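For this one, chain W is given, so just place chain B on it according to the hints.
Protein chains: 2
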Amino acid sequence: MTAFGADLMARLDAFAGFTEEPGLLTRLFLTTQHRAAADWLMELMGKAGMNARLDPAGTVVGRYEGTVPGAPALLIGSHIDTVRNAGRYDGNLGVLAAVAAVAELDRRGERLPFAIEVLGFGDEEGVRFPVTLTGSRAVAGRFDRAALETRDRDGVRMADALRAFGGDPEAIAAAARKPGEALAFLEVHIEQGPVLEAEGLPVGIVTAINGATRFAVRLRGMAGHAGTVPMALRRDALAAAAEMTLAAERVAAASDAGAPEAGLVATVGRIEAKPGAVNVIPGEVAFTLDVRAPEDAVRRDACAAILAGFKGIAARRGVELAVETTHDAAAAPCSPGIRRQIEAAVVRAGVRPLSLPSGAGHDAMAFAGVLPMGMLFVRCKGGISHNPAESITAEDADLSVRILLDIIRHFEHETPTA
Amino acid sequence: MTAFGADLMARLDAFAGFTEEPGLLTRLFLTTQHRAAADWLMELMGKAGMNARLDPAGTVVGRYEGTVPGAPALLIGSHIDTVRNAGRYDGNLGVLAAVAAVAELDRRGERLPFAIEVLGFGDEEGVRFPVTLTGSRAVAGRFDRAALETRDRDGVRMADALRAFGGDPEAIAAAARKPGEALAFLEVHIEQGPVLEAEGLPVGIVTAINGATRFAVRLRGMAGHAGTVPMALRRDALAAAAEMTLAAERVAAASDAGAPEAGLVATVGRIEAKPGAVNVIPGEVAFTLDVRAPEDAVRRDACAAILAGFKGIAARRGVELAVETTHDAAAAPCSPGIRRQIEAAVVRAGVRPLSLPSGAGHDAMAFAGVLPMGMLFVRCKGGISHNPAESITAEDADLSVRILLDIIRHFEHETPTA
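For the record, the sequence lines run as chains W and B.
Each residue of the first sequence is one higher than the last, beginning at 103 in the numbering used here.
Each residue of the second sequence is one higher than the last, beginning at 103 in the numbering used here.
Treat the hints with care, since some could be wrong.
Identical copies look the same in the list; a pair holds intra-copy or inter-copy alike.
Unchecked claim - SDA-like, lysine to any residue: derived pairs with alpha carbons at most 25 Å apart:
id	residue 1	residue 2
1	376	489
2	376	424
3	280	417
4	280	172
5	376	322
6	413	463
7	376	484
8	413	381
9	483	248
It should be emphasised that the hints constitute simulated quantities derived from the structure, not laboratory data.
Only a predicted model underlies this, so the values are computations on that prediction, with no experimental measurement involved.
Looking at chain W on its own, in the form it has when it is part of the complex (with noise of 0.2 Å):
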């Protein structure tokens, strides 16, 4: 068995060596330091026999033939930017995984029944513009056009910046697949969260990337002297958005510990509480929550049942509510089909198969509905991301490779689903 870790690992490293912040690790989205990273991957590719090029939106596409040029491709693939000060796995893992399993099969001179492309996406992280998934919308043909207007905080506007990097704004439509020229996208990623490590787990089946509605709630009670009011006498808002944070939490633990494979979660993660004096009872409180689940409707009864909490707790104490949705967006499910075929690769390299949803977003969302899709979750240390502190094991990383080999080897066309 070929130990693909090492050479993983020590590749990773390298590739982090593109960075606007010697130290630091910081690639954004169309920089020069993006471009020199692209340069390094196409050469890379091109050592593990792909055709590497630019596509217009920025994404480095790497083409191993099949048996037959010009086949319909299985496209692998995650992003190269990160994050300010990020750590070197997120993104970049999917991709050298990737790289590296067409590597072997180039070594071996096996081809298969059909085309494989790496694709190594220019921004998944949305840090540079307002914007995210450029190149996989593009790949995907779902791209917005709006995007290209978007500016940096220079005022730089994409679409500057996509030309100066040598991609072609004009020619974004043309980086969408046609039908029946890809088969399917699968994506190989850290977790990003602590479930694998805390299963005992080096990889996850990724069951779908979880939708997420966000709240923006306001509490008005009364103000008051935190001496002179008597408990019964109070309408404290900070003590009523307590009771709604243990609420909130309260609907999100019942539906996990039910189901498992609910992955419902609620976050209350900023608060503000007025006046804000050691001696004065909170008149209002500003809080923000947020719900995610991999099923829409698991999330959408999990936030009106909130929701309908917060409202009993709100005339039960005499404080006004009022909530605004500030942002929905629904769950991208993972193919049925692409999941057991990941799932039965896990269980022949002798890994109990855990399916768990995605909490984060990722590249594959952007072909839910258009391709048939599947994540590999790899297990990360400490369920850290998006910090110097991300850390993986050379031996996780090389099941990586040898999964996603045994995937692309055993790999069944299917019929698309959303």
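Only chain B this time, still in chain W's reference frame:
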């Protein structure tokens, strides 16, 4: 029956004209506006048959002799300094109501077997210098000379400001009443809380000025992605803080409901969650807890119960808990004898006698343990104070003067008690 209300309200309105900011009421300790207010008050006292003077600590003292000149005095007073953008009744009502009562005695030629001294203290709010109760502590013989060295935000020493005002820092010890010179201390004050209004009562008898303990609480859980960390794997510092907030509320509400006079209150007034992003589970939270009760044992027991609850919550949630006591002040109980005398006058006025604790501090605190001490609370609209919306009715103002007169006329000296 003489109607004191209209006159008293007109005087309170006029007195509010002594302010640093036209249109608002701001009268800080030892300012020129404070001095002008003191001069106006001394003139008013003179017209009411009193000998008025400024004592060395800047307190306006008006003495109304009894049947025998030089007799021990019943002290009645409150403060004439205000917070910034204050209401016009906090402190000032108690001083001008006392002047009105003495004026009525003088008008009728009534002399009592004791003298009356009306005191207009200059520093109850503690806004200008980082100390408080300067005037009342001086009269009570409890002045701490270290206060003279404190400075306001412009760097002015209190000793210098006091000298410029017309006081005498060197002679403050002489402001203290010697044993036998004073019989008791009475204070009329707006409630600054909503209890009397809720009970439909114009006045109430204060049981004690609450003791208070304040805590700074810090929680350290684990920050994480709001989408990727399942509920069961979270160590959410904000959810822990929410549970603690409700635990503190529950302890106070249970005590207060079980024994209305218990008067226990607990307040989380300030909270900060970090990192404070909509999509990140809070890893750190800091919040304040303020616990008050008229009896020290009740407050101590409540603090112990609340902190034990906090420990249990922190342990169960895997969150680190750090608690710092930032303030701890004993309760100042009103003298049982004075409470009985005030209650008897309230009953004679045809009002249901309600006893309640004071959640806020008052000049009367300075006399606890030195002289028999008691307070009459007057209803204020919505419990609002420290705000231009502070409001009382002329009827309640009238009643407070009549009750004070009645207390004076029936006053019985008792042996000082703690």
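Query raised in the report: Given a CA cutoff of 25 Å, do residue 280 and residue 172 count as a within-copy pair, a between-copy pair, both, or neither?
Result: This pair counts as within: shortest intra-copy Cα distance 13 Å, inter-copy 108 Å.
Query - Within, between, both or neither, where residue 413 and residue 463 count as close if Cα-Cα is 25 Å or less - result: neither (31 Å within a copy, 37 Å between copies)
Query raised in the report: For residue 376 vs residue 322, is the C-alpha pair at or below 25 Å within one copy, between two copies, both, or neither?
Result: both (10 Å within a copy, 23 Å between copies)
Requested in this report: Evaluate residue 413 and residue 381 at a C-alpha cut-off of 25 Å and name the case that applies: within, between, both or neither.
Outcome: So residue 413 and residue 381 pass the 25 Å test across copies only (23 Å; inside, 27 Å).
Report task. Evaluate residue 280 and residue 417 at a C-alpha cut-off of 25 Å and name the case that applies: within, between, both or neither. Result -> So residue 280 and residue 417 fail the 25 Å test inside a copy (55 Å) and across (57 Å) alike.
Report task. Evaluate residue 376 and residue 489 at a C-alpha cut-off of 25 Å and name the case that applies: within, between, both or neither. Result -> For residue 376 and residue 489, the Cα distance is within 25 Å only across copies (16 Å; inside one copy 32 Å).
Query raised in the report: How do residue 483 and residue 248 come out at 25 Å by Cα distance, when the copy is not named: within, between, both, or neither?
Result: neither (38 Å within a copy, 56 Å between copies)
Query raised in the report: Between copies, within a copy, both or neither: which fits residue 376 and residue 484 at Cα up to 25 Å?
Result: between (35 Å within a copy, 19 Å between copies)
**Report entry** Homomeric proximity label, residue 376 with residue 424: Cα distance no greater than 25 Å
**Finding:** Intra 16 Å, inter 24 Å, cutoff 25 Å: intra and inter.
Comparing the model with each numbered hint stated earlier shows that hints 3, 6, 9 do not hold.
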